Amino acid sequence: MRKELFDDVIGEVPPSTVDVDAAITRGRRAARLSKLGSPVVVAGVSVALVTGGVALAMQPGQGIRVGDGGNPLGPCGEELPTGPAPAGPPAKIADRLSSVLTAAVQSRLTAGSTLVESAGADHGPLDFVHIKTDGGPTDHGSCMVAEDEFVTGANVVQGVSTGTVSVAVLRTVGKTQTCDNGAAEQIDCEEIIGPRGEEGTASTLGLEGGVFMYRVDLDRGDGTTIAAWVKDAPDDDKGSAPGSGHMPLSRDQLVEIALDPGLTLYP
Amino acid sequence: MKRSEESTYREYVTARMDVMRRTAYLLCRDWHTADDLVSITIGKLYRHWPRVGNEPGIDAYVRKALLRTWLDEKRRPWRREQPTEELPDLPSVADFAVVSRAQLLDLLDGLPPKRRAAVVLRLYCDLSVEETAEILGCSVGTVKSQTARGLDTLRARAAEAD
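These protein sequence lines map, in sequence, to chains A and B.
Just so you know, this note's numbering puts 168 at position 166 of the first sequence, and the rest follows in order with no gaps.
Just so you know, this note's numbering puts 57 at position 53 of the second sequence, and the rest follows in order with no gaps.
These aren't lab readings, by the way, just hints derived from the structure by calculation.
Nothing here was measured: the structure is a model prediction, and the numbers come from that model.
There may be inaccurate statements among the hints.
Calculated cross-link-like contacts (lysine to any residue; reagent style SDA-like; alpha-carbon spacing at most 20 angstroms) [to be verified]: (1) A/LYS5 / B/LYS68; (2) A/LYS5 / B/LEU112; (3) A/LYS5 / B/GLU134; (4) A/LYS5 / B/VAL133; (5) A/LYS5 / B/TYR128; (6) A/LYS5 / B/SER132; (7) B/LYS48 / A/GLY208; (8) B/LYS48 / B/ASN58; (9) A/LYS5 / B/LYS6; (10) A/LYS94 / A/LYS134; (11) A/LYS5 / B/ASN58; (12) B/LYS48 / B/THR73; (13) B/LYS68 / B/VAL23; (14) B/LYS68 / A/LEU209; (15) A/LYS5 / B/VAL23; (16) B/LYS48 / B/ASP22; (17) B/LYS6 / B/ASP22.
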């Protein structure tokens, strides 16, 4: 009876907004990216995809039209990138992005800081890895968004403190990030406009274990979206290391890095 | 994860969705937050499903994940509520006696996070003191002291409602 008493006072339950397909999509992505040894990338990209809408209800018979984010829609309602696929072999693009990012980060780290591979990573520190997944309808009446992005991460060691820096460069899909649609963990946020018309947000998030994260989401306006994070804890296999309180970069520095004109899919 | 495992995960989550949402709502008293908590919880569950999906204690695992997700939310520095080592006493029998059923949620809302969790686990999820202590990470004695008077009073309220 006790349970019934509680159910009675709960009253009418509103329709669920929990998206099981989205959870599965994020889980698949996390499993795939965990092989890169960079859980922070997983967490960050997941947030971006949640706000962009990962799994959309299938709408049979729907033709090609433009979605809420201004992007064309695929055959089962998934929002597609606006820009064309980047030209050239992905490995060559990854090398170029790695060089640009490494220079941008190293020039801003404090003296004595060292970039090292994330635990379990199969790539060097700040070496981009290309991830491409075909989209399309699933067996469960939903639609997977096609993914075509370059991701990387590294631990930053300074003395006894270890933090992380991670960046994803992807084709723009959906609306530009605003402070109003930020992650639930968001503590503080400011909207930014770059010198070349870039638009996005710089935010501070509080994560599990007292970990703090600075995050920048930026649409370059050329079809490239940048998502960059730093946090005050190392990436480990569980992604659960406690925060040290020492951020490897300031939020302003992270904005500067995201605005680096070399971090684009369309140079 | 194998396709067959993903299928059983989907079936489990779908079957338990209602009780997860209701439990989350009793904890946070806001349906949007409740759905966020459930979304985070099933995301965690997906990662561990191949290991825990076939375990007999899967329901307890999910309840613990949901509780910890909520408690983590309460611990975030910008939240007003702060966790405490020493939990205050439950409202007295006399306090409960003047509480109407409609006021039950408000009463829950007034409890500190861990106390609220103990009451929800014991009364709504119908867990034993041992199971509740394990989920909350405290002693059996603490759980007993936290919920005993509340249980007695709510039993009385339930009897009145019959």
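These are the hints, each one checked on the structure:
Of the pairs offered as hints, the one joining A/LYS5 and B/LYS68 holds, with about 18 angstroms between alpha carbons and a cut-off of 20 angstroms not exceeded. Straight-line distance between C-alpha atoms of A/LYS5 and B/LEU112 comes to about 14 angstroms, which keeps the hinted pair within the 20 angstroms bound. Pair hint A/LYS5 plus B/GLU134 holds up; C-alpha atoms about 19 angstroms apart against a cutoff of 20 angstroms. Under the criterion of a C-alpha separation no larger than 20 angstroms, the hint pairing A/LYS5 with B/VAL133 is consistent with the structure, at around 16 angstroms.
Proximity of A/LYS5 to B/TYR128 is assessed by CA-CA distance (about 5 angstroms); at most 20 angstroms being required, the pair is judged to hold. Our distance criterion of 20 angstroms between C-alpha atoms is met by A/LYS5 and B/SER132, whose separation comes to about 14 angstroms. For the hint linking B/LYS48 to A/GLY208, the alpha-carbon distance of about 18 angstroms falls within 20 angstroms, and the restraint holds. Distance hint between B/LYS48 and B/ASN58 is fulfilled; the C-alpha atoms sit about 16 angstroms from each other, no more than 20 angstroms.
About 36 angstroms separates the Cα atoms of A/LYS5 and B/LYS6, which puts this hinted pair outside 20 angstroms; it is violated. For the given pair, A/LYS94 sits about 15 angstroms from A/LYS134 by alpha-carbon distance, which is consistent with the 20 angstroms threshold. A C-alpha spacing of about 26 angstroms is found between A/LYS5 and B/ASN58, which places the hinted pair above 20 angstroms, so the restraint is violated. Of the supplied pair hints, the one linking B/LYS48 and B/THR73 holds, its CA atoms being roughly 10 angstroms apart against a limit of 20 angstroms.
For the suggested pair B/LYS68 and B/VAL23, the alpha carbons sit about 14 angstroms apart, so the restraint of at most 20 angstroms is met. Restraint check for B/LYS68 and A/LEU209: the C-alpha separation of about 18 angstroms stays at or below 20 angstroms, so the hint holds. Distance hint between A/LYS5 and B/VAL23 is fulfilled; the C-alpha atoms sit about 11 angstroms from each other, no more than 20 angstroms. Pair hint B/LYS48 plus B/ASP22 holds up; C-alpha atoms about 18 angstroms apart against a cutoff of 20 angstroms.
Distance restraint check for B/LYS6 and B/ASP22: the Cα-Cα separation of roughly 26 angstroms exceeds the 20 angstroms cut-off, and the hinted pair is therefore not satisfied.
Going down the numbered hints, you'll see the structure goes against 9, 11, 17, while the others check out.
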